[in-house]
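Trainee: Below, each chain spelled out in residue letters.
Protein chains: 2
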Amino acid sequence: MAQQDRAIRTRRVILEAAASVFDEQGYDRATIAEVLERAGVTKGALYFHFASKEQLALAVIEEQVVDIAVEPQTIKLQEFVDSGQVLAFRLRSDPIQRGAARLAVEQGSNHLDRKQSMLSWTRFVEGLLNDARSRGEILESVVVGETAELFVGAFAGLQMMSQALTNRADLSRRLTVFFEHTLPSIAVPAILAKLNLDSERGAQLNAALQAKTVAKAAAGADAEVDVVTG
Amino acid sequence: MAQQDRAIRTRRVILEAAASVFDEQGYDRATIAEVLERAGVTKGALYFHFASKEQLALAVIEEQVVDIAVEPQTIKLQEFVDSGQVLAFRLRSDPIQRGAARLAVEQGSNHLDRKQSMLSWTRFVEGLLNDARSRGEILESVVVGETAELFVGAFAGLQMMSQALTNRADLSRRLTVFFEHTLPSIAVPAILAKLNLDSERGAQLNAALQAKTVAKAAAGADAEVDVVTG
Numbered sequence: 029m030a031q032q033d034r035a036i037r038t039r040r041v042i043l044e045a046a047a048s049v050f051d052e053q054g055y056d057r058a059t060i061a062e063v064l065e066r067a068g069v070t071k072g073a074l075y076f077h078f079a080s081k082e083q084l085a086l087a088v089i090e091e092q093v094v095d096i097a098v099e100p101q102t103i104k105l106q107e108f109v110d111s112g113q114v115l116a117f118r119l120r121s122d123p124i125q126r127g128a129a130r131l132a133v134e135q136g137s138n139h140l141d142r143k144q145s146m147l148s149w150t151r152f153v154e155g156l157l158n159d160a161r162s163r164g165e166i167l168e169s170v171v172v173g174e175t176a177e178l179f180v181g182a183f184a185g186l187q188m189m190s191q192a193l194t195n196r197a198d199l200s201r202r203l204t205v206f207f208e209h210t211l212p213s214i215a216v217p218a219i220l221a222k223l224n225l226d227s228e229r230g231a232q233l234n235a236a237l238q239a240k241t242v243a244k245a246a247a248g249a250d251a252e253v254d255v256v257t258g
Numbered sequence: 029m030a031q032q033d034r035a036i037r038t039r040r041v042i043l044e045a046a047a048s049v050f051d052e053q054g055y056d057r058a059t060i061a062e063v064l065e066r067a068g069v070t071k072g073a074l075y076f077h078f079a080s081k082e083q084l085a086l087a088v089i090e091e092q093v094v095d096i097a098v099e100p101q102t103i104k105l106q107e108f109v110d111s112g113q114v115l116a117f118r119l120r121s122d123p124i125q126r127g128a129a130r131l132a133v134e135q136g137s138n139h140l141d142r143k144q145s146m147l148s149w150t151r152f153v154e155g156l157l158n159d160a161r162s163r164g165e166i167l168e169s170v171v172v173g174e175t176a177e178l179f180v181g182a183f184a185g186l187q188m189m190s191q192a193l194t195n196r197a198d199l200s201r202r203l204t205v206f207f208e209h210t211l212p213s214i215a216v217p218a219i220l221a222k223l224n225l226d227s228e229r230g231a232q233l234n235a236a237l238q239a240k241t242v243a244k245a246a247a248g249a250d251a252e253v254d255v256v257t258g
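Taken in order, these protein sequences are the chains called F and Z. Residues 29 to 258, numbered by the working numbering, are exactly what the first sequence covers, in order. Residues 29 to 258, numbered by the working numbering, are exactly what the second sequence covers, in order.
Check each hint, because a few of them may be wrong.
Taking beta-carbon pairs under 7 Å as the criterion, some of the chain F residues facing chain Z (in silico) [as the list claims (entries may be wrong)]:
#1 Arg-142
#2 Gln-144
#3 Ser-148
#4 Arg-151
#5 Gly-181
#6 Ala-184
#7 Gly-185
#8 Met-189
#9 Ala-192
#10 Phe-206
#11 His-209
#12 Pro-212
#13 Val-216
#14 Leu-220
#15 Ala-247
The following label-pair restraints were derived from C-beta to C-beta distances [said to hold, decoys possible]:
#16 Val-216/Z to Lys-222/F: 43 to 49 Å
#17 Arg-40/Z to Ala-35/F: 56 to 62 Å
#18 Ser-80/F to Thr-102/Z: 54 to 60 Å
#19 Lys-71/Z to Phe-76/F: 47 to 53 Å
#20 Pro-100/F to Arg-40/Z: 36 to 42 Å
#21 Tyr-75/Z to Gln-232/F: 54 to 60 Å
Chain F is faced by these chain Z residues, among others (derived, beta-carbon under 10 Å) [as the list claims (entries may be wrong)]:
#22 Glu-44
#23 Val-205
#24 Ala-245
The hints are simulated quantities; they were obtained by calculation from the structure and are not laboratory data. Here a beta-carbon is modelled for each residue, glycine too, at the ideal position from N, C-alpha and C.
Please construct the entire structure, taking both the sequences and the accompanying hints into account.
Mentor: And the structure:
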């Protein structure tokens, strides 16, 4: 493995360990010592990538948004729905998503700027909705910024409620209910009729995305072997 | 003042003090000592009403729902909207509302059953929506339980986002955006056209409710004077 790849992989291991500690303990009670133990790396390796607990937390939040890009679709509003459903599915098991979610909802007990997480999600959703608008998929009356912020805020609350009531087992269904209530006020009728709001979609899309990542990694490994042996 | 009235008033003073400590410190860092100091009551008085910090927190959460009943309206869906807008307004300054909100969103760092808060709000909203249904105000397609839980979950997230971004100054507006997006999927058209979703409504209704409470208290005090002097 090239040195750079190793560094990227170590960084990821540390981030996942940190995210799971944040998820279980919250920011205040999380310690670097516990992150080191879970990640199985040295103090030196951790501090090479992250200067402090705060930096770790910010990196977990940042990684979350990067992680959620779904496959491009003919209908952009379907991508909007799909991103939400993949995120809902991943919040059930992905340590980065779970850790970032807890960091984003904790109030004032730390110096983290919770705004950053909400603003970067809002920008992500605005991007999708603006694409949808340029293709004529959404109604004239929609104010993209308002709809994007509604989605981000409501999603934060729905995942919190779902976590309290069912450890997020019913989050996909709750998200479908949100889309059923709001999309008639967002999509033009011809697009609305074509959208797939099925709550099982998140699991299916996630499996397809993971298969693709594995295939890509395998192709990369082959290429690396070629370089080493070639 | 009758002894019973005094006890009710002391209980309320303690609850408000506890709620403001929970709002600022969170459950874990809140102490009975700080509640006593803010309330200006003795340990004996506090323990007469509440056996523990947990009991205090549960009482704050319970008080929140009781506190929000608005004036009856001809259109029940308007009561649904109004309850949300009054709550949104009060979250800006009412210690009980703020304390209860923080207790409801904190994850796992305490043994409080967060479900109770969400379930009692859901029952409250279901009651309003069932009344609306019996008057023919809502569409056939609405599943009352789903819509009520969507409202409670989304509201929790919107208030959290508003708190992080503007210390809840824009919460009323965010709630109006939520209603604009969802009510076309809930209300029959003739009712939809009559609903007032104005985001200033919360402040106006709250002022009217407070004036009524003051008038009632004054009438009560007069009655008491009559009893004492009569």
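Trainee: Next, verify each hint and record whether it holds.
Mentor: Okay, the hints, checked on the actual structure:
Interface hint status for Arg-142/F: upheld, as the beta-carbon distance to the closest one in chain Z is roughly 4 Å, under 7 Å. At its closest, the beta carbon of Gln-144/F sits 10 Å from a beta carbon of chain Z; the interface hint therefore is violated under the 7 Å criterion. Residue-level restraint check for Ser-148/F is violated (minimum Cβ-Cβ distance to chain Z is 13 Å; threshold 7 Å). A distance limit of 7 Å between C-beta atoms decides the matter here; for Arg-151/F the minimum to chain Z is near 14 Å, and the interface restraint is violated.
A cut of 7 Å between beta carbons decides the hint on Gly-181/F: the least distance to chain Z is about 4 Å, and the hint holds. At about 4 Å, the closest approach between the beta carbon of Ala-184/F and any beta carbon in chain Z falls short of 7 Å, and the interface hint on this residue holds. The restraint placing Gly-185/F at the interface with chain Z holds, with a minimum CB-CB distance near 2 Å, inside the 7 Å limit. A least Cβ separation of about 4 Å between Met-189/F and chain Z falls short of the 7 Å threshold, and the interface hint therefore holds.
About 4 Å separates the beta-carbon of Ala-192/F from the nearest beta-carbon of chain Z, less than 7 Å, and the hint is met. With a least beta-carbon distance of about 6 Å to chain Z, the hint placing Phe-206/F at the interface is held under the 7 Å criterion. Using the Cβ-Cβ criterion of 7 Å, the hint placing His-209/F at the interface with chain Z is satisfied: the shortest such distance is roughly 4 Å. At its closest, the beta carbon of Pro-212/F sits 5 Å from a beta carbon of chain Z; the interface hint therefore holds under the 7 Å criterion.
Taking 7 Å as the C-beta contact cut-off toward chain Z, the hint placing Val-216/F at the interface is violated, the least distance being around 14 Å. Of the supplied interface hints, the one on Leu-220/F is violated, with its beta-carbon coming no nearer than about 11 Å to a beta-carbon of chain Z, more than 7 Å. Annotation: interface hint on Ala-247/F violated; nearest CB of chain Z at approximately 40 Å, more than 7 Å. Remark: the range hint 43 to 49 Å for Val-216/Z to Lys-222/F is contradicted by a beta-carbon distance near 26 Å.
For Arg-40/Z and Ala-35/F, the hinted distance range of 56 to 62 Å is satisfied, since their beta carbons lie about 59 Å from each other. At roughly 58 Å, the beta carbons of Ser-80/F and Thr-102/Z sit within the given window of 54 to 60 Å. Under the hint 47 to 53 Å, the C-beta atoms of Lys-71/Z and Phe-76/F, about 52 Å apart, fit the expected range. A beta carbon spacing of about 57 Å between Pro-100/F and Arg-40/Z contradicts the range 36 to 42 Å that was offered as a hint.
Between Tyr-75/Z and Gln-232/F the C-beta distance comes to about 55 Å, which sits within the given range of 54 to 60 Å. Below 10 Å, beta-carbon pairs count as interface contacts, and Glu-44/Z has none with chain F, the closest being about 19 Å; its hint is therefore violated. About 5 Å separates the beta-carbon of Val-205/Z from the nearest beta-carbon of chain F, less than 10 Å, and the hint is met. With its C-beta approaching chain F no nearer than about 33 Å, Ala-245/Z sits outside the 10 Å limit, and its interface hint is violated.
Figure legend: structure checked against the earlier numbered hints; hints not met, in rising order: 2, 3, 4, 13, 14, 15, 16, 20, 22 and 24.
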